[in-house]
Amino acid sequence: MSVATNSAELESLELELLLEGVRRQYGFDLRNHSRPLLVRRLRRHLREERLDTFSALQGRVLHDPEAMDGLLRALACPPDALFSDPAFFQAFRARVVPLLRTYPSIRVWHVGCGSGENTYALAILLMEEGLWPRCRLYASDASEGLLSDARSGVLALPGEEDARNYQEAGGRRALTDYYTRDGNWAVMHPVLREGIFFTQHNLATDASFNEFQVVVCRDTLLAYNRSLASRAHERLYESLARFGFLCLGRKETVARTPYAAAYEELENTGRVYRRTA
Amino acid sequence: MSLLGLLVVGAPRGASEELEALLASLPSSLPVPVVLVFHRGVQEALAGSLGRRCPLPIAEPDDKEELVAGRVYLAPAGYHLLVDRDSVCLSREPAEHGQRPAIDPLFESAADAYGPSAVGLLFSGHEDGWAGVAALSARGGRAAVICEGGAVEGVERVPLSEVKPWLARLSYAPRMKVQA
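The listed protein sequences correspond, in order, to chains H and A. The first sequence maps to residues 0 to 276 in numbering that gives the first Met the number 0. The second sequence maps to residues 0 to 179 in numbering that gives the first Met the number 0.
Take the hints with a grain of salt, since some may be wrong.
Just so you have them, the derived chain A footprint on chain H, three or more residues with Cβ under 8 Å [as the list claims (entries may be wrong)]:
no.	segment
1	194-206
2	218-224
3	246-256
Now the stretches of chain A that chain H is said to cover, found in silico as 3 or more residues with beta-carbon under 8 Å [claimed, not checked]:
no.	segment
4	13-23
5	51-63
6	73-84
Simulated DEER-style distance windows between Cβ atoms [said to hold, decoys possible]:
no.	chain 1	residue 1	chain 2	residue 2	range
7	A	Val67	H	Leu12	51 to 59 Å
8	A	Arg156	H	Glu210	53 to 61 Å
9	A	Ser24	H	Arg59	48 to 56 Å
10	A	Arg52	H	Tyr25	17 to 25 Å
11	A	Ser27	H	Tyr25	25 to 33 Å
12	A	Asp85	H	Pro78	28 to 36 Å
13	H	Pro103	A	Ser27	42 to 50 Å
14	A	Ser160	H	Glu263	45 to 53 Å
15	A	Gly13	H	Gly26	47 to 55 Å
16	H	Val186	A	Ser27	53 to 61 Å
17	H	Arg43	A	Glu155	46 to 54 Å
18	H	Glu263	A	Gly47	23 to 31 Å
19	H	Ala162	A	Arg84	39 to 47 Å
Note that these hints are calculated values from the structure, not bench results. Quantities reported herein were computed from a predicted structural model and do not represent experimental measurements. Built from N, CA and C at the ideal position, the CB exists for glycine as well.
Working from the sequences, and respecting the hints, build out all of it.
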């Protein structure tokens, strides 16, 4: 066996042991996460912690809960910007909102809200479209740390590009109307903050907790491997009311899930689906 | 010694014409998937223009799409494109070397997933991709930088005009490893 294969196999063994240790000690099961992404984030974490091997990281994480917190933070996706994908918000406004207007009440679930930027963007959109009074917006994430950031309503101060994205997303006012500036931070308006129900929920393990007319789950399932993503789709399907809307990321699809036949894609919306069965 | 399993290609923005020429020169019976990162802007629709003269079908894959031999997978704007054993994985991680998609994530994931059967070609002109070339070599794969002049330390280089025979040698003959 060559040196190259040997060291690759050793690293892969160390990775298995680390994931098994994390699961048994802390209950976080990362084994079904997308392996290439997981490995990349873990290697970056190793470099930042100045460690040489996954074994060394395993030793530290098993003996020190704070090191485990650090690991989980390293695995989370870094904060996004408000309206970072204007095309989606634009399509949502044009194609989904008119149908939502006919509903007496609307429950919306934003899955994998992270530190909340896109949840606030969604809230702004619903408010501008006059749907806010009959809307309940739930936002969930597996990470309690990110959720508390989201709940605080304090985001990085939007810049010119964010303001441009907001306009491109069909914004009707000025983005600055929705927050007050505090140094380099933006404190979101209390009406937005208080109207969002942030709740801890792990799509990988937790059951569906309500029935929704809209489920927004964009780029969240990228972190999972195919079998876990498939199970997550089961949760999403169970959580959607009939004729409800499922909003995925621009490069995500229901095509390879068991629920492909239950959805119809809305044309030219960049992956907004309607549950039809 | 092992057979070719995957070809990864990385190209900075300045190399679009050379990249088009490379894609045009790929054999229509290429027995492996080709995965491609080109430094691109957010709004560009590229698959059509880059693949104009390419004999293989070229498309921007969805997340977790299966890799099929004889197809070209182009990284979509705004996402890193990585590979697993038989499928692509997209990621919204931050830009690397100022780029998203970036070349290093693709090359390094190819080195992990395909080891000695991964082959990488990098167009020079940007700092992104060199770590990936090193990772491919470290895992026993074959990697070369496409450039005309100027020796590059420790890295194989191939002129664009020689890429076709270079690839043909790799795809059709079991290759000998010189280094252990």
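Status of the hints after comparison with the structure:
| no. | hint | verdict |
| --- | --- | --- |
| 1 | 194-206 | violated (count 0) |
| 2 | 218-224 | holds (count 4) |
| 3 | 246-256 | holds (count 7) |
| 4 | 13-23 | violated (count 0) |
| 5 | 51-63 | holds (count 5) |
| 6 | 73-84 | holds (count 6) |
| 7 | Val67(A) <-> Leu12(H): 51 to 59 Å | violated (30 Å) |
| 8 | Arg156(A) <-> Glu210(H): 53 to 61 Å | holds (60 Å) |
| 9 | Ser24(A) <-> Arg59(H): 48 to 56 Å | holds (50 Å) |
| 10 | Arg52(A) <-> Tyr25(H): 17 to 25 Å | violated (53 Å) |
| 11 | Ser27(A) <-> Tyr25(H): 25 to 33 Å | violated (51 Å) |
| 12 | Asp85(A) <-> Pro78(H): 28 to 36 Å | holds (32 Å) |
| 13 | Pro103(H) <-> Ser27(A): 42 to 50 Å | violated (58 Å) |
| 14 | Ser160(A) <-> Glu263(H): 45 to 53 Å | holds (50 Å) |
| 15 | Gly13(A) <-> Gly26(H): 47 to 55 Å | holds (49 Å) |
| 16 | Val186(H) <-> Ser27(A): 53 to 61 Å | holds (59 Å) |
| 17 | Arg43(H) <-> Glu155(A): 46 to 54 Å | violated (28 Å) |
| 18 | Glu263(H) <-> Gly47(A): 23 to 31 Å | holds (27 Å) |
| 19 | Ala162(H) <-> Arg84(A): 39 to 47 Å | holds (43 Å) |
Of the hints listed earlier, those the structure fails to meet are numbers 1, 4, 7, 10, 11, 13 and 17, in rising order.
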